[in-house]
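Enquirer: One-letter residues, chain by chain:
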Amino acid sequence: MSNSNYSDTWKKPPFIVNPVLRWLIYVGSLVYFALAIGTMEINWTRVAEGLPRGLTLLSKFFPPNLADSRGVIVDGILESIWMAIISTIGGIILSVPIGLGAARNLSPKWVYLFCRSIIGVSRTFPEIILAIFAVKFFGFGPFAGFVALSIGTIGFFAKLLAEDIENMSKSQAEAVKVTGSSWLQWVNYSVQPQVMPRMIGLSLYRLDINFRESAVVGIVGAGGIGAHLLTSVQRYEYDTTATILISIIIIVIALEYTSGYLRKWVQ
Amino acid sequence: MPLIETSDGPLWKRRTTIKQWLIWAGWLIGVSIAYYAWNLISEKTIWMFVWDAPRQMVDIVGRMVPPSWSYMDNLWRPVWDTLNIATIGTVIAMVLAVPIAFLAANNTTPHKLVRAVALFIIVATRSVNSLIWALLLVVIVGPGVLAGTIAIGIRSIGGCSKLLYEAIEEINHTQVEAIEATGASRIQQMLYGIVPQVLPTFAGVAVFRWDINVRGSTILGIVGAGGIGVQLNASINVLAWTQVSMILLVILGTVFISEYVSAKVRHSII
Numbered sequence: 001m002s003n004s005n006y007s008d009t010w011k012k013p014p015f016i017v018n019p020v021l022r023w024l025i026y027v028g029s030l031v032y033f034a035l036a037i038g039t040m041e042i043n044w045t046r047v048a049e050g051l052p053r054g055l056t057l058l059s060k061f062f063p064p065n066l067a068d069s070r071g072v073i074v075d076g077i078l079e080s081i082w083m084a085i086i087s088t089i090g091g092i093i094l095s096v097p098i099g100l101g102a103a104r105n106l107s108p109k110w111v112y113l114f115c116r117s118i119i120g121v122s123r124t125f126p127e128i129i130l131a132i133f134a135v136k137f138f139g140f141g142p143f144a145g146f147v148a149l150s151i152g153t154i155g156f157f158a159k160l161l162a163e164d165i166e167n168m169s170k171s172q173a174e175a176v177k178v179t180g181s182s183w184l185q186w187v188n189y190s191v192q193p194q195v196m197p198r199m200i201g202l203s204l205y206r207l208d209i210n211f212r213e214s215a216v217v218g219i220v221g222a223g224g225i226g227a228h229l230l231t232s233v234q235r236y237e238y239d240t241t242a243t244i245l246i247s248i249i250i251i252v253i254a255l256e257y258t259s260g261y262l263r264k265w266v267q
Numbered sequence: 001m002p003l004i005e006t007s008d009g010p011l012w013k014r015r016t017t018i019k020q021w022l023i024w025a026g027w028l029i030g031v032s033i034a035y036y037a038w039n040l041i042s043e044k045t046i047w048m049f050v051w052d053a054p055r056q057m058v059d060i061v062g063r064m065v066p067p068s069w070s071y072m073d074n075l076w077r078p079v080w081d082t083l084n085i086a087t088i089g090t091v092i093a094m095v096l097a098v099p100i101a102f103l104a105a106n107n108t109t110p111h112k113l114v115r116a117v118a119l120f121i122i123v124a125t126r127s128v129n130s131l132i133w134a135l136l137l138v139v140i141v142g143p144g145v146l147a148g149t150i151a152i153g154i155r156s157i158g159g160c161s162k163l164l165y166e167a168i169e170e171i172n173h174t175q176v177e178a179i180e181a182t183g184a185s186r187i188q189q190m191l192y193g194i195v196p197q198v199l200p201t202f203a204g205v206a207v208f209r210w211d212i213n214v215r216g217s218t219i220l221g222i223v224g225a226g227g228i229g230v231q232l233n234a235s236i237n238v239l240a241w242t243q244v245s246m247i248l249l250v251i252l253g254t255v256f257i258s259e260y261v262s263a264k265v266r267h268s269i270i
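Line by line, the protein sequences are chains A and B.
Residue 44 in the working numbering sits at position 44 of the first sequence; the count goes up by one each step and never skips.
Residue 170 in the working numbering sits at position 170 of the second sequence; the count goes up by one each step and never skips.
Okay, chain A solo, but in the shape it has when bound (with noise of 0.2 Å):
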């Protein structure tokens, strides 16, 4: 086979395979940094003071001291653990009436459009944000806390709930059915076996994504241990900065590690 038009080398093929979308995708990222860096307005003399700083930041971590000059670290730490989870008992409370509503094979199109904006809204706003208006709202301290990560779990639980309830296997909701059940019953004897281990498993995760929520809501005043962080690294004491955040780190990690061994357990 001597064919002179078929060529002998192998050429690997792009990833995008139309030539001209794929000019096209190179030269306007290639613009779009151009402009983005270009408007980015670094101030580097600023940057040439900071780094020292951020060397005996860094330094303050190896090894750590354990310092808690105010003696407010155990107390910020244990606040924001409490509140991580009740804020998750309370999210998931609200949530399951919500996540019901919102699934469709379950409900009237109107129920199911409210309870769907729910869930939309409460996405959208980062925990910040909401944990801001709750502050407003409510004043200082963990209560403010507690709404918004409580509204913020509501985004995540109801909405995997609903998917959950929108996939589960009809002839188990059927079979319950025709027994001459009542709603309640049915949901509960058909719809509640079959979406329980994962609603287990995603209510363990979402403890791990409020605890490191509830780290951090302090800054806007919402109780934990936020607020220390934020009044530490304003009074440059990094020793005590360094402690918090180790903290932090090594307590997630082993919400991380119980809650995965827990979820696999469950299921």
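None of these hints come from the bench; they were simulated from the model.
C-beta: ideal position from N, C-alpha, C; glycine also.
Derived list of chain B stretches under chain A, where covered just means 3 residues or more per stretch with a C-beta under 8 Å from a C-beta of chain A:
#1 25 to 39
#2 48 to 62
#3 76 to 88
#4 142 to 152
#5 214 to 225
#6 247 to 261
Within a straight-line C-alpha distance of at most 27 Å, the following computed BS3-like cross-link-like pairs (lysine-lysine) qualify:
#7 162(B) x 264(B)
#8 170(A) x 159(A)
#9 170(A) x 13(B)
#10 159(A) x 162(B)
#11 44(B) x 136(A)
#12 13(B) x 177(A)
#13 19(B) x 177(A)
#14 264(A) x 170(A)
#15 264(B) x 159(A)
From the derived model, a few chain B residues whose C-beta atoms are all more than 10 Å from chain A:
#16 3
#17 96
#18 267
Assemble the complex: chain A is given as a structure, and chain B must be docked to it using the hints.
Expert: For chain B alone, kept in the frame of chain A given last:
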């Protein structure tokens, strides 16, 4: 599904007695934890403010309408900054996440110790919220877009690397063996055996992360790290509620569009 013999014949119960008791015990523990946590929170709450909340809500929402449409002229630049923080942050994260992912994946890591270090980087960057990274970086590089971009970049390394190394571990190994059989070096095996298999996932992860980062970069301004959060914070501080509602609308729009774009792009890749 146990059947219990009673004088009226067998009775169906959903669970065995022991299982039922265990579930009750679980509920008891759960409820006590909730009760304890609730007490702790409510001790630190000034209930007078909470009872006053509905009035406050009506008041503030009333002050928020109508949104100050003309304020939009001041918001184009912050929106552009916000998108830049998210995009460049994602690029930084992906550039750093790819090598870390190859070092962390079981089948491509050069050594177990290297793998442990890579996994530690992934966990450590993931567990600290981008707002905390921004707080620290504002101290180091000064307030502005740069701090926000680096914060988003660092925070995203872990999230991206985690998804990437899982994708690398799940590749089809026969293709790599086929390349190996041609006498290719380790690097060539990686480039021609592994990379083509994971490239679509990589692109998907990048777009997915970009969507998350747009949402994340809207708030970094609260600690001074650039983006639309700066305006949000300023307007809230001076109680300019019509501006606040305008900013919230813009954030809503930006997040909605980024979600739409990311879903479209991911759909066309995967």
